[in-house]
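I would like the entire structure built from these sequences, with the hints used as guidance.
In this text, residue positions in the sequence shown follow the working numbering: the first is 385, and each later residue adds one.
In short, the hints are calculated from the structure, not lab data. Since we're looking at a predicted model, the values are computed, not measured. Built from N, CA and C at the ideal position, the CB exists for glycine as well. It cannot be assumed that every hint is accurate.
Claimed, not checked - Cβ pair distances, simulated, as ranges:
(1) THR486 with VAL603: 29 to 35 Å
(2) THR765 with LYS714: 15 to 21 Å
(3) LYS620 with GLY400: 50 to 56 Å
(4) TRP641 with PHE401: 36 to 42 Å
(5) GLY630 with LYS591: 17 to 23 Å
(6) GLY630 with GLY469: 35 to 41 Å
As the list claims (entries may be wrong) - Below are the EDC-like pairs computed for lysine to aspartate or glutamate, each with C-alpha atoms no more than 20 Å apart in a straight line:
(7) LYS433 with GLU421
(8) LYS617 with ASP668
(9) LYS714 with GLU623
(10) LYS675 with ASP710
(11) LYS749 with GLU422
(12) LYS692 with GLU744
(13) LYS749 with GLU421
(14) LYS693 with GLU744
(15) LYS761 with ASP710
(16) LYS704 with ASP434
(17) LYS577 with GLU623
(18) LYS571 with GLU623
(19) LYS704 with ASP756
(20) LYS704 with ASP767
(21) LYS714 with GLU744
(22) LYS675 with ASP569
(23) LYS620 with ASP668
(24) LYS399 with ASP462
(25) LYS714 with GLU673
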Amino acid sequence: MLFVAMAMSAVAQKKGFEYKIYGQVRADLFYNSRANEESVDGLFYNYPKDYNYDAVGEDLNAQPQGNMYMLYTRLGLDVKGPKLGDATTSAKIEFDFRGSGTTLSVVRLRHAYLNLNWGASSVLVGQTWNPLYGDVAPQILNLNMGAPFQPFGRAQQVRYRYNAAGVQLTAAALWQSQYLSNGPDGKSNKYIKNSLVPEFYFGVDHKTSNFLIGAGVDVLSLVPRTQATVDGKVYKVSERITSVSGEVHMKYTSPLWFVAAKSVLGSNLTQVSMLGGYGVKSTDAVTGEQKYSPNRNSSSWVNVVYGKKWKAGVFAGYMKNLGTDDAVTKMYGTGTNVDQLVSGSLELTYNLPHWKIGVEYNHTKAWYGSLDNSNGKIVNTHDVANNRFVASVLYMF
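See below:
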């Protein structure tokens, strides 16, 4: 492959650098009992779609689906370079074949960053996990990694970290590219691009050899629109929606046990694959300029895995729509007609050096309803359920 050839050529030519090529070949087979809100043609699974009845009362979404893909096969390169002053230098480039949007089986950049490390402190510049994903995520076969209960997404960022006496402080400024906020024109990076204000994250973690506990705060400020049309006339408008989210997390690891949990009180976190958004609380009658109120969601999950060669795991997640602080006329976002979600998974994997083979069963139930304009909550609900089966084989090198 061209990437490997270039890497090996660099190894031969660059003194003072160390290179490590790594990756995986991954096959995923899945089956769903009905149609779902999803991406990557069903590989990235969220929750079941609502009932959609045809002319004679048949549910069009009561359609089982399944397929097999190799899209999350990936290849990466870790680089260690010569020192820059007192800082150790390193970099990472990693890609898979997931593609973008509805274009699949195309090379996609996952991680691309440089890192300067002074020992106690470090600075990272590039694309990697959003800090809301962080160092605590469930060990499951489903490629959503617990979303929409777990924040999931990568972002361009400048991140500073300080480590001392088992305490890690994180501060990051983030921008959007592949994982986008939702708004009046669907998912787009123009909301943060027009904002001129990056997303900010501040977090603190306490780490021991087996245990991690921490918390973080995320601030996101977007510009939903720059113009509005009223009675055929176009007006320039000045709009902004700013939201604050918080999260707490913990993880315990030992040779046989993995126990992790996270809870997020989120406001408009659609850029990390979560449910939410914001509502219109007022509209200027002349210019059409709108003011907004963020939608709040509470999401929590817990994951317990036991074993070494044979690993058995259980995952449980819950999300509740908490509505808005103000009366709203309509909502922009993802899953804004969902009141709550409940999900549970059972998993069994067989693990050898460089190999993982596993199966997972997941049951997810969503409660759909109508918008209560007085508080942005969802009322008059009914539930819809999906059963999902996943089988995966990974060869890691």
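Numbered hints the structure breaks, given as an ascending list: Violated hint (a single one): 21; every other hint is consistent with the structure.
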